[in-house]
Amino acid sequence: MDEEEVIRDILAGNINRYAEIVKSYQTIVANLCFKMGGLKLDIEEMTQQVFVELYQALPRFQFKSKLSTFIYRITVNVVCKELKHQKRFIVPTDDNPLPDRPADEPNIEQSIIRSEQQKLLRMAIGRLNAEQRTALVLYTYSNFSYNDIADVMQCTTAKVESLIFRARKNLKKMLNP
Amino acid sequence: MKETEHIPEDELMQQLRDLRYTRPIDVTDAVMERVRTMPLLTPYSLRRQRMQRWATAVAACAVFAVALNITILFTRTYNEAQISDVMASVYDYQEDYTTTAMLHESAVLEYLYE
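As they're listed, the protein sequences go chains A and B. Going by the working numbering, the first residue of the first sequence is number 1, and it counts up by one from there. Going by the working numbering, the first residue of the second sequence is number 178, and it counts up by one from there.
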């Protein structure tokens with residue numbers, strides 16, 4: 001799919017071609033929402049919202065960066081806006097302790113342990129601040145480089161490195177108190 | 178470890194990488210339905226949108242400037258009123274003082290002529 005051609009087509013009035021973009025990127029967007037949103041978001045609703053906002057923002061796309069970078073930026077903004085709206089940037093305090101870690105006992109099925117660990121991890125990610133969370137999630141997503149993340153977050157590479165370092169440190173502290 | 182050093186791979190990072198949304202997702206129809214009801218943005222409408230934003234910003238600046246002017250004007254009037262009050266009391270004092278001085282002067286003269 002030639003993305004530039006598709007976008008120009010959409011802007012010329014052929015809205016139906018927008019479905020091609022949605023189909024190509026919906027899994028990526030859903031995954032990013034899933035990783036960034038902690039346990040708080042309705043992933044399908046969020047994914048829809050991202051594509052609606054992308055549609056509105058499409059005339060602003062100037063073909064200077066990759067469409068994927070543009071989509072990631074919109075996804076990050078939409079998720080952060082939603083979380084802020086719901087006031088769900090929970091500050092880690094003793095009032096909201098994480099549940100106990102699932103014991104790695106042999107009699108419990110591996111899949112349950114794994115699913116519980118993932119739940120814990122997502123809760124911990126949800127407790128990071130917006131910037132740290134964005135940087136860390138993008139870093140562990142599709143092998144993003146620091147430059148790519150800086151592009152999405154519109155900041156410097158040094159800041160991205162620092163944010164990832166702190167996010168990782170905080171996450172470890174939360175998961176292994 | 179310095180903050181800018183490369184982050185080593187470990188279990189946590191691997192877990193983060195493995196975190197995936199596993200349910201099948203297809204929002205194409207829902208998105209297309211929503212998008213069809215929206216007006217299509219064109220470079221022209223985008224320009225108009227920008228112009229509207231500028232107009233709003235300019236209007237906000239104008240309102241702010243007017244409010245600032247009114248505040249300054251009010252403060253100045255208030256200060257002037259305060260100054261005139263002080264000056265009035267100074268004049269009163271001066272007047273009293275002059276009267277007293279004149280009284281003293283006449284008493285002295287009376288004494289001398291006596």
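For the record, the hints were derived by calculation from the structure and aren't laboratory data. Every residue, glycine too, gets a C-beta built ideally from N, C-alpha and C. Each hint should be verified, as a subset may be incorrect.
Stated by the list, open to error - Partial chain B-side listing against chain A, Cβ under 10 angstroms, derived:
{"no.": "1", "residue": "Thr205"}
{"no.": "2", "residue": "Thr219"}
{"no.": "3", "residue": "Ala244"}
{"no.": "4", "residue": "Ile247"}
{"no.": "5", "residue": "Ile249"}
{"no.": "6", "residue": "Leu250"}
{"no.": "7", "residue": "Arg253"}
{"no.": "8", "residue": "Glu257"}
{"no.": "9", "residue": "Asp273"}
Unchecked claim - When the alpha-carbon atoms are kept at most 20 angstroms apart in a straight line, the in silico DMTMM-like pairs for lysine to aspartate or glutamate are as follows:
{"no.": "10", "chain 1": "A", "residue 1": "Lys66", "chain 2": "A", "residue 2": "Glu116"}
{"no.": "11", "chain 1": "A", "residue 1": "Lys159", "chain 2": "A", "residue 2": "Glu116"}
{"no.": "12", "chain 1": "A", "residue 1": "Lys172", "chain 2": "B", "residue 2": "Asp203"}
{"no.": "13", "chain 1": "A", "residue 1": "Lys169", "chain 2": "B", "residue 2": "Asp195"}
{"no.": "14", "chain 1": "A", "residue 1": "Lys119", "chain 2": "B", "residue 2": "Asp195"}
{"no.": "15", "chain 1": "A", "residue 1": "Lys172", "chain 2": "B", "residue 2": "Asp195"}
{"no.": "16", "chain 1": "A", "residue 1": "Lys23", "chain 2": "B", "residue 2": "Glu272"}
{"no.": "17", "chain 1": "A", "residue 1": "Lys81", "chain 2": "A", "residue 2": "Asp42"}
{"no.": "18", "chain 1": "A", "residue 1": "Lys172", "chain 2": "A", "residue 2": "Glu131"}
{"no.": "19", "chain 1": "A", "residue 1": "Lys64", "chain 2": "A", "residue 2": "Asp151"}
{"no.": "20", "chain 1": "A", "residue 1": "Lys23", "chain 2": "A", "residue 2": "Asp9"}
{"no.": "21", "chain 1": "A", "residue 1": "Lys64", "chain 2": "A", "residue 2": "Glu116"}
{"no.": "22", "chain 1": "A", "residue 1": "Lys169", "chain 2": "B", "residue 2": "Asp206"}
{"no.": "23", "chain 1": "A", "residue 1": "Lys23", "chain 2": "A", "residue 2": "Glu44"}
{"no.": "24", "chain 1": "A", "residue 1": "Lys23", "chain 2": "A", "residue 2": "Glu4"}
{"no.": "25", "chain 1": "A", "residue 1": "Lys64", "chain 2": "A", "residue 2": "Asp9"}
{"no.": "26", "chain 1": "A", "residue 1": "Lys169", "chain 2": "B", "residue 2": "Asp203"}
{"no.": "27", "chain 1": "A", "residue 1": "Lys64", "chain 2": "A", "residue 2": "Glu131"}
{"no.": "28", "chain 1": "A", "residue 1": "Lys23", "chain 2": "B", "residue 2": "Glu188"}
{"no.": "29", "chain 1": "A", "residue 1": "Lys66", "chain 2": "A", "residue 2": "Glu44"}
{"no.": "30", "chain 1": "A", "residue 1": "Lys172", "chain 2": "B", "residue 2": "Glu188"}
{"no.": "31", "chain 1": "A", "residue 1": "Lys66", "chain 2": "A", "residue 2": "Asp9"}
{"no.": "32", "chain 1": "A", "residue 1": "Lys169", "chain 2": "A", "residue 2": "Glu53"}
{"no.": "33", "chain 1": "A", "residue 1": "Lys81", "chain 2": "A", "residue 2": "Glu20"}
{"no.": "34", "chain 1": "A", "residue 1": "Lys119", "chain 2": "B", "residue 2": "Asp187"}
{"no.": "35", "chain 1": "A", "residue 1": "Lys23", "chain 2": "B", "residue 2": "Glu210"}
{"no.": "36", "chain 1": "A", "residue 1": "Lys84", "chain 2": "A", "residue 2": "Glu116"}
{"no.": "37", "chain 1": "A", "residue 1": "Lys66", "chain 2": "A", "residue 2": "Glu45"}
{"no.": "38", "chain 1": "A", "residue 1": "Lys173", "chain 2": "B", "residue 2": "Asp206"}
{"no.": "39", "chain 1": "A", "residue 1": "Lys84", "chain 2": "A", "residue 2": "Glu20"}
{"no.": "40", "chain 1": "A", "residue 1": "Lys173", "chain 2": "A", "residue 2": "Glu131"}
Right, here's what the structure says about each hint:
| no. | hint | result |
| --- | --- | --- |
| 1 | Thr205 | 5 angstroms, holds |
| 2 | Thr219 | 7 angstroms, holds |
| 3 | Ala244 | 30 angstroms, violated |
| 4 | Ile247 | 35 angstroms, violated |
| 5 | Ile249 | 37 angstroms, violated |
| 6 | Leu250 | 40 angstroms, violated |
| 7 | Arg253 | 43 angstroms, violated |
| 8 | Glu257 | 48 angstroms, violated |
| 9 | Asp273 | 67 angstroms, violated |
| 10 | Lys66/A with Glu116/A | 36 angstroms, violated |
| 11 | Lys159/A with Glu116/A | 32 angstroms, violated |
| 12 | Lys172/A with Asp203/B | 34 angstroms, violated |
| 13 | Lys169/A with Asp195/B | 19 angstroms, holds |
| 14 | Lys119/A with Asp195/B | 12 angstroms, holds |
| 15 | Lys172/A with Asp195/B | 17 angstroms, holds |
| 16 | Lys23/A with Glu272/B | 93 angstroms, violated |
| 17 | Lys81/A with Asp42/A | 14 angstroms, holds |
| 18 | Lys172/A with Glu131/A | 17 angstroms, holds |
| 19 | Lys64/A with Asp151/A | 11 angstroms, holds |
| 20 | Lys23/A with Asp9/A | 16 angstroms, holds |
| 21 | Lys64/A with Glu116/A | 42 angstroms, violated |
| 22 | Lys169/A with Asp206/B | 41 angstroms, violated |
| 23 | Lys23/A with Glu44/A | 13 angstroms, holds |
| 24 | Lys23/A with Glu4/A | 16 angstroms, holds |
| 25 | Lys64/A with Asp9/A | 18 angstroms, holds |
| 26 | Lys169/A with Asp203/B | 36 angstroms, violated |
| 27 | Lys64/A with Glu131/A | 24 angstroms, violated |
| 28 | Lys23/A with Glu188/B | 32 angstroms, violated |
| 29 | Lys66/A with Glu44/A | 24 angstroms, violated |
| 30 | Lys172/A with Glu188/B | 11 angstroms, holds |
| 31 | Lys66/A with Asp9/A | 17 angstroms, holds |
| 32 | Lys169/A with Glu53/A | 33 angstroms, violated |
| 33 | Lys81/A with Glu20/A | 26 angstroms, violated |
| 34 | Lys119/A with Asp187/B | 19 angstroms, holds |
| 35 | Lys23/A with Glu210/B | 14 angstroms, holds |
| 36 | Lys84/A with Glu116/A | 26 angstroms, violated |
| 37 | Lys66/A with Glu45/A | 25 angstroms, violated |
| 38 | Lys173/A with Asp206/B | 42 angstroms, violated |
| 39 | Lys84/A with Glu20/A | 31 angstroms, violated |
| 40 | Lys173/A with Glu131/A | 18 angstroms, holds |
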